[in-house]
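Colleague: Start from the sequences and build out the full structure, keeping to the hints where you can.
The residues making up each chain are set out below.
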Amino acid sequence: MKVSFPYMGTTVVYKKLLELLGHDVIMPPKPSQRTINLGVKYSPEFACFPLKVIMGSYFEAIEKGAEVIITSGGHGPCRAGFYEQVHQRILKEEGLPAKFMVFNSMFRDFNNFYDNIITLKGKNSWLKVSRSLLLVYNMTKKLDKLEKQVQTIRAYEVKKGETTRAWEKIQDLFDRAYTKKELEGAYAEGKKLLDDIKLIEVPEEKKLRIGIVGEIYVVMESSINMKMEELLGNLGAEVERSQYLSQWITYNAIPSFINKTHETEILEKGGRYLPIQIGGHAKQTIGHIVDYSERGFDGVVHLMPFGCLPELVSQSIVPKITEELGIPVLTLAIDEQMGTANNTTRIEAFIDLIKGKRAKKIS
Amino acid sequence: MKIGIPHSLLYFYYYPLWKTYFETLGFEIITTPPTSKEIVDKGVKNSVPELCVPIKVYIGHVLKLVESEVDFIFVPRFVSIQKGQYFCPKFMGLPEMIRHSFKGIEEKMLMPSIEANDENIATMMNFKIFEEKFGISTKENKLALEKAKRVWISFRAYCREGYSASEASDLAMGKAVEKQLTIESSNNLTIGLVGYVYNIYDPYISLDIFKRLREMGVNVKTFEMLSEAEMNKQLKKLSKNLFWTFSDKLLAAGYSFYENQEIDGLIHVTAFGCGPDSMLGKLLEIDSATYNKPFMTVRVDEHSGENHLQTRIEAFVDMLKRKKMRQKRGA
Chain A
1 MKVSFPYMGT
11 TVVYKKLLEL
21 LGHDVIMPPK
31 PSQRTINLGV
41 KYSPEFACFP
51 LKVIMGSYFE
61 AIEKGAEVII
71 TSGGHGPCRA
81 GFYEQVHQRI
91 LKEEGLPAKF
101 MVFNSMFRDF
111 NNFYDNIITL
121 KGKNSWLKVS
131 RSLLLVYNMT
141 KKLDKLEKQV
151 QTIRAYEVKK
161 GETTRAWEKI
171 QDLFDRAYTK
181 KELEGAYAEG
191 KKLLDDIKLI
201 EVPEEKKLRI
211 GIVGEIYVVM
221 ESSINMKMEE
231 LLGNLGAEVE
241 RSQYLSQWIT
251 YNAIPSFINK
261 THETEILEKG
271 GRYLPIQIGG
281 HAKQTIGHIV
291 DYSERGFDGV
301 VHLMPFGCLP
311 ELVSQSIVPK
321 ITEELGIPVL
331 TLAIDEQMGT
341 ANNTTRIEAF
351 IDLIKGKRAK
361 KIS
Chain B
1 MKIGIPHSLL
11 YFYYYPLWKT
21 YFETLGFEII
31 TTPPTSKEIV
41 DKGVKNSVPE
51 LCVPIKVYIG
61 HVLKLVESEV
71 DFIFVPRFVS
81 IQKGQYFCPK
91 FMGLPEMIRH
101 SFKGIEEKML
111 MPSIEANDEN
121 IATMMNFKIF
131 EEKFGISTKE
141 NKLALEKAKR
151 VWISFRAYCR
161 EGYSASEASD
171 LAMGKAVEKQ
181 LTIESSNNLT
191 IGLVGYVYNI
201 YDPYISLDIF
211 KRLREMGVNV
221 KTFEMLSEAE
231 MNKQLKKLSK
241 NLFWTFSDKL
251 LAAGYSFYEN
261 QEIDGLIHVT
271 AFGCGPDSML
281 GKLLEIDSAT
291 YNKPFMTVRV
301 DEHSGENHLQ
311 TRIEAFVDML
321 KRKKMRQKRG
331 A
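Residue numbers (the working numbering), protein chains in the order written: chain A, 1 to 363; chain B, 1 to 331.
Hints listed in this document are in silico derivations from the structure and should not be mistaken for laboratory results.
Quantities reported herein were computed from a predicted structural model and do not represent experimental measurements.
Pairs of lysine to aspartate or glutamate residues, derived as EDC-like cross-links and limited to a Cα-Cα distance of at most 20 angstroms, are as follows: (1) B:K103 - B:E67; (2) A:K30 - A:E336; (3) B:K133 - B:E23; (4) B:K128 - B:E140; (5) B:K103 - A:E324; (6) A:K207 - A:D298; (7) A:K41 - B:D287; (8) B:K293 - A:E93; (9) B:K103 - A:E323; (10) B:K237 - A:D109; (11) A:K206 - A:E348; (12) A:K141 - A:E240; (13) A:K141 - A:E182; (14) B:K211 - B:E167; (15) A:K227 - A:D144; (16) B:K142 - B:E132; (17) A:K41 - B:E285; (18) B:K240 - A:D109; (19) A:K145 - A:D175; (20) A:K92 - B:D287; (21) B:K149 - B:D118; (22) A:K361 - A:D298; (23) B:K240 - A:E93; (24) A:K320 - B:E107; (25) B:K237 - A:E93; (26) B:K128 - B:D118; (27) B:K236 - A:D109; (28) A:K269 - A:E294; (29) B:K240 - A:D115; (30) A:K15 - A:E168; (31) A:K320 - B:E106; (32) A:K320 - B:E50; (33) A:K92 - B:E285; (34) A:K355 - A:E201; (35) B:K83 - A:D109; (36) B:K149 - B:E119.
Modeller: Dropping the structure here:
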């Protein structure tokens with residue numbers, strides 16, 4: 001079975017899991033101008049941006065021969081839960097009837113969930129499945145650890161672009177690891193690559209820390225958020241994201257009543273401003289802004305797809321948080337306009353303001 | 001004591017219920033006038049630019065109420081009126097958007113969370129908070145709710161008879177007497193109007209498309225005129241329904257209009273930037289070809305020029321007429 005999936009973040013992880021289970025994986029190309037053009041052409045005009053990019057990804061994956069598309073479902077209230085329905089209809093309309101394998105909540109329709117698992121499992125033993133799952137989970141954790149280091153040291157590298165190149169190499173190393181031992185090796189090698197990068201000494205009080213929060217897709221996928229992390233890093237700021245794949249997996253895999261992950265803590269912090277979960281990542285966004293402010297970050301960049309329903313609510317609340325906690329927040333709506341000059345200017349100005357604010361405080 | 005209710009969003013669906021409830025308890029109800037340029041401007045100036053028009057208009061109405069002498073402003077948080085379904089996230093976070101945006105408004109706001117198993121929201125759970133707030137007994141509360149429920153049920157009954165929601169609301173509250181509905185339209189055309197109550201019945205947002213169509217002698221059908229059974233029949237056919245209750249109803253209505261032989265065409269009225277509509281509009285658009293029935297999308301925003309709308313609906317109606325004539329001649 002030739003399978004494919006939506007492109008988001010460190011895709012090597014999903015690829016690995018499917019490969020370990022013996023499936024033929026068709027990697028969707030990294031979203032490019034062509035992907036976006038395709039997506040925009042066929043998607044509803046006012047659909048949110050992730051839907052359009054993923055639509056484009058599907059077209060490209062099917063071109064490359066994908067027969068089955070694995071994706072997540074959902075039950076609202078955010079639009080993302082309905083993506084698969086719209087995607088399927090549009091693909092059918094365009095005469096590309098790819099089969100969809102949708103993972104909805106197992107608590108709603110267990111049979112369907114179970115069927116999907118069995119299909120994916122194929123002839124593998126349960127032992128092999130759990131081993132593969134464990135390996136992939138460890139891989140995600142290790143990758144996230146290295147990525148966090150990348151996000152910190154990029155701000156201080158002597159040779160511009162060195163860290164980004166190392167990060168690409170690391171992903172490639174992990175791509176080739178299929179056993180626990182190989183994984184350890186890849187991690188050690190990656191770690192060494194990063195440790196070898198020459199850094200400028202910056203005194204602690206001069207360091208800038210920026211958090212990135214917002215809707216998961218535009219936060220995680222660098223090819224559509226104008227490489228926000230790189231941009232901030234190159235301007236001399238350490239970066240931390242609100243979403244990492246390993247956190248997302250732990251949070252979603254553990255039943256809520258024993259869930260004591262970082263994310264529950266974040267949700268509590270958001271509760272002051274937004275008492276209920278309104279879908280998407282609105283409450284997390286609010287919680288993370290509060291969290292970053294408590295941890296002494298210098299500013300937050302809030303990313304959202306154009307017209308994102310839950311993030312519009314958080315955007316409306318942001319001025320109040322800034323007023324109360326004094327943390328600068330810049331909201332950027334991401335859409336199919338790929339010109340970078342506009343947002344680069346805004347980010348540069350934002351960093352300048354933060355630096356200015358700090359200079360004022362000292363004098 | 002005066003309670004202000006903004007004349008926007010679900011006002012068009014639940015006003016009879018709210019009014020009866022609060023008036024039975026002895027409160028005075030103040031509503032804002034129908035949306036005007038002034039109100040829209042207020043809303044637009046004081047909200048995030050990307051929000052959809054109905055929410056901006058709502059914020060405008062709330063600000064208008066702040067200016068008038070009311071003691072409380074009623075801003076309910078609609079969470080769910082059907083099991084497993086929700087409202088658009090903007091409805092669920094509506095009280096937050098307002099209370100965090102304007103200073104000093106929070107003390108004035110009444111924000112019950114509305115969670116019910118069906119459309120009838122006059123349940124104890126939703127209105128319990130008022131007992132403590134206003135010092136009313138559970139018994140009084142219960143009586144008021146029952147009365148509110150009766151009025152609202154009669155409102156829904158009038159809707160199903162074919163009255164528009166604003167007519168039905170007047171009838172249910174005894175403000176108007178039943179009149180002969182001119183169902184026999186002059187040119188024998190029926191159009192299914194797919195759109196949310198707060199767009200269609202807001203004369204400013206939809207530029208009164210309902211009335212315009214009727215004035216052209218066209219019969220108009222909307223989702224609230226359909227029976228529950230008909231809706232459910234349509235929804236069962238879907239592999240997965242939309243999880244926003246009203247969008248779900250619109251989708252069901254859309255398919256029901258497609259199947260109904262008496263309906264000649266569909267007009268989808270949607271607000272600029274409406275999230276749920278972007279999905280449901282696309283599905284209906286794709287299916288227009290399957291059912292071989294004309295479908296048109298009218299997208300409205302805060303601009304108020306009406307000529308484009310008049311031209312478009314006239315053209316649409318003319319096209320339907322010709323289509324019908326051709327069919328009659330057997331061509």
